[in-house]
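Fit chain B to the given chain A structure using the hints.
In the order they appear, the protein sequences are chains A and B.
For what it's worth, my numbering labels the leading residue of the first sequence as 261, then goes sequentially.
For what it's worth, my numbering labels the leading residue of the second sequence as -19, then goes sequentially.
Watch out, some of these pointers could steer you wrong.
Stated by the list, open to error - Now the stretches of chain A that chain B is said to cover, found in silico as 3 or more residues with beta-carbon under 8 Å:
id : stretch
1  : 300 to 311
2  : 469 to 481
Said to hold, decoys possible - Computed cross-link-like contacts, SDA-like style, restricted to lysine to any residue with a CA-CA straight-line distance of at most 25 Å:
id : chain 1 : residue 1 : chain 2 : residue 2
3  : B       : K144      : A       : T300
4  : B       : K144      : A       : Y294
5  : B       : K123      : A       : Y294
6  : B       : K144      : A       : E478
7  : B       : K158      : A       : N296
8  : B       : K158      : A       : T290
9  : B       : K144      : A       : S298
10 : A       : K351      : A       : P322
11 : B       : K123      : B       : D85
12 : A       : K351      : A       : P326
13 : B       : K123      : A       : N296
14 : B       : K158      : B       : S193
If you're looking for bench data, these hints aren't it; they were derived computationally from the structure.
Owing to the predicted nature of the structure, the values given are computational and were not obtained by experimental measurement.
Glycine included, every Cβ here is placed at the ideal spot set by N, Cα and C.
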Amino acid sequence: MKHKINKIATIFVASLFALSTLGVAYAAWTDTIYINGSVTTGTLEAEFGVMPPTIFDPFGPPPIFPTTTPDWNCDPNLGFNAPDHPHVVDKNVGSGETHVVDHDTLELNIYNAYPGYYNHLDFWVHCLGTIPLKTDHVVVRNAAGAIVATITDNVLYEFDINGDGYNDMQIWWGDDFGTQLHYCEQTDISFGFCFLQPLPQDSHITIYIDMVCIQWNEYQP
Amino acid sequence: MKSAKLGVMFLVSLMALAGTGVAFSAWTDTITIAGQVDTGSVSWEITGYSGTYVYKDLGPKDLDDIVVVSQMLPQAPDHSWKYGIADNGDLCYLVSWCYASAGTDDHNAVMDYDNLFPLTGVGGSPVFCADITIKYTGSIPGKINNINFASDIPGDWLQTLINKGYITAQYYNAAGDKVGLGYQLHCGDTVTVDICIIIPQDNTLMSHSGSFSASLEVIQWNEYVAV
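Next up, chain B with everything else stripped away, as it sits in the complex:
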C-alpha cells in the first residue's frame, strides 16, 4: 500500500518535471543535414511520322511491278492526286496507303490505313506499315516493355486480325537494325515503331472499316522482365 503511494508520487513528480522543460535534460549538440533529392524520369515522346504508299506501275500492261514507297512526311499527305512517277520513269497509280500523323500531343499518334488488300512482301513480311519515331527523353534508361492492341469494337473483324497476329509492331533502332521488346534506350536514343497490318486472302474482308487502339510502354531498364 505504501509502495503504491510512493509510485503515485513518483509519477506525479515526473510529470511536474517534464513541464519544466530541458532544464533537466542531458546536454546535446546537433548536426543538421539538408538533403535534396532529384528523381529521374522514364519518358519518351513521338518525334516523327511516316507511312507506306503502294503504287501500281502503269507501264506496259504486262508489267506487274508494285512500287512500295515509304517516306518520312512532316504531315499527312495530300491524297487528292493518285499518280506518281516510279524510279524507272513509269507512271504509277496509287492503290493503297497508310501513314501516321500527330495526335493530341507527343504521346499520341493517329494512324490511317486506307484501301488495304492482301499483299505481303518478301517472305510474307507485311507491307502496310505506318510508322512513328520515338525519342527517349528519360534520364533513367528504359526498355521497350510491351505493346497492346485492341479493336475499338470488341469482337469485330479487326479484333480477329489482332488475335491472329495480323496486326503487329516492328521496332528499328537509329541504325535501321531490327530490334524488339526489351531494347534498351538511353536519353536521346530513337526507335522507329512500325505498326503493320496484313490482310489475309479472305473475300469476306473486302470493304471493311474499323479502328483500333495501341498502347506502347517503356519501363525503367532494371524492372524489365522478358516474356
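Next comes chain A alone, as it looks inside the complex:
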C-alpha cells in the first residue's frame, strides 16, 4: 500500500513539472505594452581657428632702431600694476607668433622677450556643437604642459611661466567669461601680457592657452 502511494505521489510531481512547461497557461493574466526607444546625445564642442589668431606685435628685428614697428612695454617690475602701462617705446626688440596647432590648441611663441616686453593676442572661439555653450575659464600651461594659471575673470593674473619659482609673466584677460555661443557662432577673445624682471635670459617662452567652455545651463558666474 505504501509503495502504491509513493508511486501516485511520483506521478503527481512529474505531472506538475510537465504542466509547468506549458508556460503561461497557469500564470496570472497579463497584458504588455512595448516601447522602442532611440536616443542620441548632443555635443558640446568649441574650436579655435575659424578666424586666424592675430598678435599685436609680430614684428621682430632688424632693425631694432630706428623702427616703424616699435615694441610696447610694461613696467619691468610692476607690469600692468604701474600707471599708464603699457606704453610704446622706441625700439623693436621682441616679437610674437601664434598659430592654431589643432582645433583645440593655440600655440603662442614669444621671441627675444625681455622684462617689460608687452604683447597682445587676439583669437576667435567657434561653437560647432549642438548644445549651446559659454566660455568658462582659461588654463595657461607652460612648454612642459604644466598648468601655471587658471583664469576666471578679466583681471590681472601673475604667474611663473618657466618654473624657476619667480613670477615672470602677467596676463590681463580682456573679455568677460560667460559669453554665450550657439551652433556656428563665434566670439572674439583677447588678452594682453607682459614679462617681469625675474625672466631668465636666453630662454624661449612657449605657452599654451586652453579655453574651457561649458554647456550654457551649467555656467556659474
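Positioned in the frame of chain A, the structure of chain B alone reads:
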C-alpha cells in the same frame, strides 16, 4: 475447481447482459444544465503620446532661462523649425527634444530622444521624458506590474544608463498625481507613463546614439505581488 467454473459462467453472463443494453439498468431521470462561461480580460492600450521640448531663451544674453515644453501631440512634431516664442514673448531656440509616437499597433510605441545633454529639473528630477497615455480596457481590474528596460546592444552605454537608474518610468493617474507600480486600474481608467532619461555629467557621453526596448506589464489585480 467448481467455484472457478461458476465464476467464469458469472462473468460470461455479465458480458452477455451488458450487450442487451438498459433493459436491465435502473430507472433514471436527468436534469440537464447548459452552462455558459464568459471570461474577463486584462488588457490596456495606448491612446495618447506626448513629449518634452527643451528650448533656450534667446532673450538678453544674460538670461539663461531654459524653457521646457511638454505637450500632447497627435503625431510626431515637425522639427524643421528650430525657433519658437516663449510665454514671456522671447524668441527661443530648440535645443533638445523627445517624443513618443505610435508604433505598429495600440500595444507598441516609439520614443525618440534627440540631442540630449546633462540637464535635470528641480531636485535632480529628469527633464527629458517621452510620454504615452494608456487606457485600461480590461474587464478584470489590473495593476501595473512591472517595466523592464534593455538596451538593444547588450553592454553598451545605454545599458549602463539603465543599470545605473538613469532611465526610469514615472506614472501619473488621470488627475496628474504621481502613482507607481501596483497602481490599480479599472476599465476606462487612464495612466500616463513617462519614460525619462538623465544624461549624467560625463564628457564621454557626447555624440552617442543607441536604442532600447521597454516592456510594461499589467496584471490581474489579485495576482499582483509588490516587490
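> Tell me, which hint numbers fail for this structure?
Replying inline: none
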